[in-house]
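**Student:** One letter stands for each residue in the lines below.
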Amino acid sequence: MRSSSFIKTFMRYRQLFILSLPGVLLLFVFSYMPLYGILLPFKDYKIDLGFWDSPWVGFDNFKYLFSQDAWRITRNTVLYNVAFIVVLLIVAVAFALMLNEMRRSSVKFYQTVLFLPYFLSFTVVSYIFLAMFDMEHGLVNTILEWFGKDAVLWYNDAKYWPPLLVLTYVWKNAGYYTIIYFTGLLGINEEYYEAARVDGASRWQLIKSISLPLLKPLIILMVLMQVGKIFVGNFDMFYQIPRDSSLLYATTDVIDTYVYRSLKSLGDIGMASAAGVYQSIVGLVLVLIVNGLIRKFDSENSVF
Amino acid sequence: MSSSVINRGFPVFKIISHIILLGFSLICILPLILVVSVSLSSEESIMKQGYSLNPEKIDFTAYKFIFADPGQLLTSYGVTIFVCIVGTIFSIIITTMLAYVMSRKDYPYAQKTSLYVFLTMLVSGGLVPWYIIISRVLHMSDTIWVLIAPYLVMPMFVLIMKGFMSDIAPAIIESGKLDGASEYRVFFSIVVPITLPGIVTVSLFILLMYWNDYYLSLMFIQNSEYVSLQFLLWRIMSNADYLRNSVAASMGLLQGVAMPDQSARMAICVLAAGPMMFIFPFANKYFVKGITVGSVKG
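Chains as they are written, first to last, in this note's numbering: chain A, 71 to 374; chain B, 236 to 533.
Each hint should be verified, as a subset may be incorrect.
Claimed, not checked - Covered, in the sense of this in silico footprint (three residues per stretch, anywhere, with C-beta under 8 Å from a C-beta of chain B), are these stretches of chain A:
| # | region |
| --- | --- |
| 1 | 90-99 |
| 2 | 204-210 |
| 3 | 245-258 |
| 4 | 300-313 |
| 5 | 324-336 |
To be verified - Below, computed lysine-lysine pairings styled on BS3-like, alpha-carbon distance capped at 30 Å:
| # | chain 1 | residue 1 | chain 2 | residue 2 |
| --- | --- | --- | --- | --- |
| 6 | A | K229 | B | K283 |
| 7 | A | K178 | B | K249 |
| 8 | B | K524 | A | K178 |
| 9 | A | K242 | B | K347 |
| 10 | A | K78 | B | K340 |
| 11 | B | K340 | A | K366 |
| 12 | B | K524 | A | K286 |
| 13 | A | K78 | B | K347 |
Said to hold, decoys possible - Footprint (simulated), chain A over chain B, 3 or more residues, beta carbon under 8 Å:
| # | region |
| --- | --- |
| 14 | 305-316 |
| 15 | 507-515 |
Hints listed in this document are in silico derivations from the structure and should not be mistaken for laboratory results.
As the structure is a prediction and not an experimental result, all values here were calculated from the model.
No residue lacks a Cβ here, since even glycine has one placed at the ideal position from N, Cα and C.
Start from the sequences and build out the full structure, keeping to the hints where you can.
**Tutor:** Take a look at the structure:
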């Protein structure tokens, strides 16, 4: 009998099952139970009625979302992530190539310093950012005035924010990605360089024909993993650095901040859940595509 | 090392590299020094010369104000330390047990368990139902546990942990079982000791996550008894009055001195972020290890 053999196997391995149980249960409560929420935007959710008794409203919440802010938050989320991926890739690969030429002690020094911002919370980063860009007292405006330029009203105008936020993100994460690519470079066999040097190759030729090609699989993997998350805005950053200022929403509002605000400030559960489900579904499609691509390039690293 | 091989005879590239990296290093460090420097500036000097890396004179008024009545700061330290210790301990135990079970090739449900964990990274119901479950179904709002429980199992950390587990030879586990040890004994007295470097690494990531988290507080905490350090900082940043209220009692203690808003804000930031800034760089090598295991094997 199938069922009795199932019970037999289960009893044989029950201790392992019990070891996994706390994790399995926690994931069930905090990740699987909220999945019912995929139906939430199709309801006119009333707290006092609860989920099941609230009336169905079809696609109304989505229609409203797409007639309002969907374009703005989608554009911001995707464009920022594209900028982060491109700039971080260039910066981190360049830094890794530079570190690869240095002595161990220099490498250690730079690695520690570049990694420092990674440990800071975005809350603390928002203080640092304020110290630099405060409109009255900030260091950047002081320096601008030294050079006889006018102070810039950073927090009053949305147009300044795209470069500032890209800069902040790269500042915080450059160390992380540099370490990844540097480790990749360390894995390259010495003999390739030795052989090329014997043939009289220049440094640029070494980088162009050995380092970069051999780093390519890692680069593709890292970029694809980031592309899979292109629909997720970093809430901590986009909420705290612009200090949730409505003046700046045009260029700082991403899907995650929008969902949060709809839920907590406006109490608009329909809108918030519609935006959340829109994000989950497009995000899932992206991850599936990306995983397909990873499998094509490098089957060992595909997740499933 | 490759450096020694390709170093010879190309000093120009090396000098340029050092200039660029030193420049970026300065950009990493100077803003941190600026925050400390502002916290040590007097209000007049800020009015006169703005936030400066080189204040006219060192002035401790801001710190005196905060230390005159550190009530909320101490409470917040207590909340954060409690969450970090309890959260990290429970989280690493649960994460390690789960990752171990997933890594046991002879366990018939290992694949299914892995899939169960991976799926949570792919599909989510979004923020709203998650919020409703925690606040309305579990009734965890405004408790200390809401700052811990939702982050106990992070699939990413389970994956990194599983990466560390893959080095364990099945023969070691077999031999333990032949001696008649239960799975629990095998896990705690064989598996845990040999994966200790991995456990330390993942614990540090978990610790960093709990230390830096303000999102759970933002979502679920109203009561100032449970305001963590990061959340205290955010409240002060988003509402200037909150700083004054937090150190309100000290107004009476330091009479005749106006509250130095500008420097006090930065001083709170230094006091809240400072300690960890000294601890984490020392653990650098563990983080580097975790990042490489996570990116290559995850």
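**Student:** Given as covered by chain A, does the region 305-316 of chain B meet the bar of three residues or more with CB within less than 8 Å?
**Tutor:** The restraint on the region 305-316 of chain B is violated, since only 0 of its residues have a Cβ under 8 Å from chain A and three are required.
**Student:** Need the status of pair K78(A), K340(B): alpha-carbon distance at most 30 Å?
**Tutor:** Holds, at roughly 18 Å.
**Student:** Given the hinted pair K178(A) and K249(B), is their Cα-Cα distance within 30 Å?
**Tutor:** OK: K178(A) and K249(B) at ~16 Å, within 30 Å.
**Student:** For the pair supplied as a hint, K340(B) and K366(A), is the alpha-carbon distance within the 30 Å limit?
**Tutor:** Distance ~26 Å between K340(B) and K366(A) Cα, so the pair holds.
**Student:** Has the given pair, K78(A) with K347(B), been kept, meaning a C-alpha gap of at most 30 Å?
**Tutor:** holds, 18 Å
**Student:** For the region 245-258 of chain A, do at least 3 residues have a Cβ located nearer than 8 Å to some Cβ of chain B?
**Tutor:** As far as the region 245-258 of chain A goes, the hint holds, because 8 residues have Cβ atoms under 8 Å from chain B.
**Student:** K229(A) and K283(B): Cα distance at most 30 Å?
**Tutor:** holds, 29 Å
**Student:** Measure nothing beyond the straight line between the CA atoms of K242(A) and K347(B); if it is 30 Å or shorter, mark the hint as holding.
**Tutor:** Distance ~37 Å between K242(A) and K347(B) Cα, so the pair is violated.
**Student:** How does the region 90-99 of chain A fare against chain B when you require at least three residues with a CB closer than 8 Å, holds or violated?
**Tutor:** holds (count 7)
**Student:** The region 300-313 of chain A covered by chain B? Criterion: 3 or more residues, Cβ-Cβ distance below 8 Å.
**Tutor:** holds (count 4)
**Student:** Quick one, are K524(B) and K286(A) close enough, alpha carbons at most 30 Å?
**Tutor:** Within the cut-off at roughly 21 Å; holds.
**Student:** Count the residues of the region 204-210 of chain A whose CB lies closer than 8 Å to any CB of chain B, then report whether that count reaches three.
**Tutor:** holds (count 5)
Violated hints, listed in ascending order, are 9, 14; each of the other numbered hints is respected by the structure.
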